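Chains as they are written, first to last, in full-length UniProt numbering: chain U, 1 to 248; chain A, 1 to 248.
Derived from the structure by calculation, the hints contain no laboratory data.
Note that this is a predicted model, so its numbers are computed, not measured.
Take these hints with a grain of salt, some might be off.
[To be verified] Simulated pairs of lysine-lysine, DSBU-like, Cα-Cα distance not exceeding 30 Å:
{"#": "1", "chain 1": "A", "residue 1": "Lys53", "chain 2": "A", "residue 2": "Lys107"}
{"#": "2", "chain 1": "A", "residue 1": "Lys18", "chain 2": "A", "residue 2": "Lys107"}
{"#": "3", "chain 1": "A", "residue 1": "Lys18", "chain 2": "U", "residue 2": "Lys53"}
{"#": "4", "chain 1": "A", "residue 1": "Lys75", "chain 2": "A", "residue 2": "Lys107"}
{"#": "5", "chain 1": "U", "residue 1": "Lys53", "chain 2": "U", "residue 2": "Lys75"}
{"#": "6", "chain 1": "U", "residue 1": "Lys53", "chain 2": "U", "residue 2": "Lys107"}
{"#": "7", "chain 1": "U", "residue 1": "Lys75", "chain 2": "U", "residue 2": "Lys107"}
{"#": "8", "chain 1": "U", "residue 1": "Lys75", "chain 2": "A", "residue 2": "Lys211"}
{"#": "9", "chain 1": "A", "residue 1": "Lys53", "chain 2": "U", "residue 2": "Lys18"}
{"#": "10", "chain 1": "U", "residue 1": "Lys211", "chain 2": "A", "residue 2": "Lys75"}
{"#": "11", "chain 1": "A", "residue 1": "Lys75", "chain 2": "U", "residue 2": "Lys75"}
{"#": "12", "chain 1": "A", "residue 1": "Lys75", "chain 2": "A", "residue 2": "Lys53"}
{"#": "13", "chain 1": "U", "residue 1": "Lys18", "chain 2": "U", "residue 2": "Lys75"}
[Claimed, not checked] Far from chain A by the CB rule (all over 12 Å, computed), these chain U residues:
{"#": "14", "residue": "Ala30"}
{"#": "15", "residue": "Arg37"}
{"#": "16", "residue": "Ser92"}
{"#": "17", "residue": "Tyr179"}
{"#": "18", "residue": "Cys181"}
{"#": "19", "residue": "Ala191"}
{"#": "20", "residue": "Arg209"}
Quick reminder that beta carbons are idealized off the backbone N, C-alpha and C, glycines included.
2 protein chains.
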Amino acid sequence: MPSAPDQHAMTMVIRKLKSIAPLLDTDRRAIESLPVRIHNLDARQDIVRDGDKPSHCCLIIDGWACRYKLLSQGKRQILSFHIAGDIPDLQSLHVPTMDHSLGTLTKATVAFIPHDSLRDLTVRHPGIAAIFWRDTLIDAGIFREWLVSMGQRSAFEHVAHLFCELYLKLQAVGLAGNYRCPLPVTQADLADALGLTSVHINRVLQEMRGKTLITLRSRTLVIEAWDELLRISEFDPTYLHLERRAAA
Amino acid sequence: MPSAPDQHAMTMVIRKLKSIAPLLDTDRRAIESLPVRIHNLDARQDIVRDGDKPSHCCLIIDGWACRYKLLSQGKRQILSFHIAGDIPDLQSLHVPTMDHSLGTLTKATVAFIPHDSLRDLTVRHPGIAAIFWRDTLIDAGIFREWLVSMGQRSAFEHVAHLFCELYLKLQAVGLAGNYRCPLPVTQADLADALGLTSVHINRVLQEMRGKTLITLRSRTLVIEAWDELLRISEFDPTYLHLERRAAA
DNA sequence: CGGGTCTTTGACCTGCCTCAAAGGAAGTGG
DNA sequence: CCACTTCCTTTGAGGCAGGTCAAAGACCCG
């Protein structure tokens with residue numbers, strides 16, 4: 001097992017964990033020495049499926065993934081977006097049966113880490129267990145905020161809110177800055193995440209461009225008016241529980 | 001501090017925990033000997049508010065509570081319903097700042113447990129830590145399912161889905177059975193939970209009564225056609241991750 | 001340069017919302 | 001135990017945000 005990619009693999013997860021809580025050096029080293037199996041995946045491939053009982057967790061090293069759930073008649077709800085450093089199926093450690101699927105949105109590099117190693121890690125390093133727990137709790141906080149958006153915000157506000165969230169999450173791990181971030185997902189993906197149709201997403205995006213709030217071209221989002229975007233969507237970053245470092 | 005009410009207080013949380021995972025006797029006893037401060041609250045009272053940094057967790061002993069978030073113009077999104085045995089702000093152990101509020105829906109009895117005692121408990125009893133973690137993960141699973149309902153289900157299906165969920169959760173702790181359960185919330189509360197208006201909730205309920213699916217009178221829900229309700233809402237109980245015991 | 005995917009546009013439709021008011025139920029004080 | 005009050009449910013009429021269906025561009029990658 002080569003060590004160069006592993007090193008990079010672990011760089012991102014360390015950054016991610018540091019973005020949500022202080023991390024001891026001993027804990028960092030323990031994480032870096034986890035055994036991982038690295039895979040390269042195409043876009044739109046499943047990683048774990050609804051109903052599976054996985055024996056590994058999946059760490060995203062590069063590319064984007066999402067959790068989603070399928071209903072009859074081809075309806076799909078995207079539940080969360082995931083980027084480098086995320087472990088989207090960490091919950092499978094304590095809830096063995098998947099109640100949703102996890103798949104890539106873009107080409108992606110992922111690392112599989114055996115449950116056994118992770119369990120061992122959390123037993124030996126209670127601090128890591130606490131950070132992992134905290135991560136899943138923040139995850140839940142993001143679901144709650146998505147519920148608020150779904151239930152109470154207009155399509156326009158909802159899109160604006162999502163863009164603020166994604167920008168801050170990417171910024172927190174060094175993947176965004178200067179009001180510019182990657183957004184390598186289709187309008188249909190956005191629609192499935194927001195509970196709208198791609199037609200309507202398209203019209204909302206045009207309206208946002210018309211108001212010089214954002215531009216979205218070649219898989220890159222540029223936020224032209226951050227404060228305005230915050231105001232419109234009543235965005236309050238508290239729920240992301242990021243370590244302070246980044247401006248909001 | 002009287003021990004009779006404490007006993008009852010702990011009965012429900014033990015039942016709740018047993019409904020989601022096996023519980024060791026030593027762990028049960030450790031939980032039963034937690035120090036608690038018991039309060040009686042009126043309906044529609046806040047327990048913890050958005051932005052607070054609580055030093056206690058709140059265990060519901062009797063009555064109903066909900067998590068919610070307020071937006072400008074009086075909009076309210078209810079994020080979850082909570083019943084006896086639940087500890088809705090368990091996450092405050094690892095995420096100190098509340099990113100939502102917690103309040104009663106009915107008159108309620110609650111027990112406050114100091115964070116210190118709970119942290120001590122989880123350190124001494126890793127099994128309890130694991131169950132607590134699992135509980136918060138199941139919570140997140142419920143948020144995900146609510147997202148699916150919000151994004152993809154019609155108002156009718158959404159209401160049906162919620163009723164299935166509430167019935168099973170109540171049944172799991174012995175508060176429901178025979179397709180009959182308490183539902184002491186107003187139509188306005190339901191509306192705020194489902195992202196609809198109370199007017200529309202009212203019309204959906206009438207339609208459900210018309211189809212002899214349910215009756216809802218004097219704060220009691222009777223499910224007249226369970227299988228039909230499951231089918232309509234594409235309800236799959238997996239996401240509740242209940243210990244098998246109850247029929248579905 | 002060719003084929004598939006993604007975005008954009010138009011016309012029409014509908015599920016749910018808004019506003020407003022009346023009817024019922026349930027708790028409270030006398 | 002009644003009368004009052006307050007909250008909750010129900011009903012009606014009209015409106016709009018976002019959906020549906022279908023087709024035409026634009027882009028991207030091999």
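Taking the hints in turn, this is what the structure says about them:
| no. | hint | in the structure |
| --- | --- | --- |
| 1 | A/Lys53 <-> A/Lys107 | holds, 24 Å |
| 2 | A/Lys18 <-> A/Lys107 | holds, 26 Å |
| 3 | A/Lys18 <-> U/Lys53 | holds, 21 Å |
| 4 | A/Lys75 <-> A/Lys107 | holds, 23 Å |
| 5 | U/Lys53 <-> U/Lys75 | holds, 24 Å |
| 6 | U/Lys53 <-> U/Lys107 | holds, 24 Å |
| 7 | U/Lys75 <-> U/Lys107 | holds, 23 Å |
| 8 | U/Lys75 <-> A/Lys211 | holds, 26 Å |
| 9 | A/Lys53 <-> U/Lys18 | holds, 21 Å |
| 10 | U/Lys211 <-> A/Lys75 | holds, 26 Å |
| 11 | A/Lys75 <-> U/Lys75 | holds, 28 Å |
| 12 | A/Lys75 <-> A/Lys53 | holds, 24 Å |
| 13 | U/Lys18 <-> U/Lys75 | violated, 36 Å |
| 14 | Ala30 | holds, 17 Å |
| 15 | Arg37 | holds, 24 Å |
| 16 | Ser92 | violated, 9 Å |
| 17 | Tyr179 | holds, 24 Å |
| 18 | Cys181 | holds, 23 Å |
| 19 | Ala191 | violated, 10 Å |
| 20 | Arg209 | holds, 24 Å |
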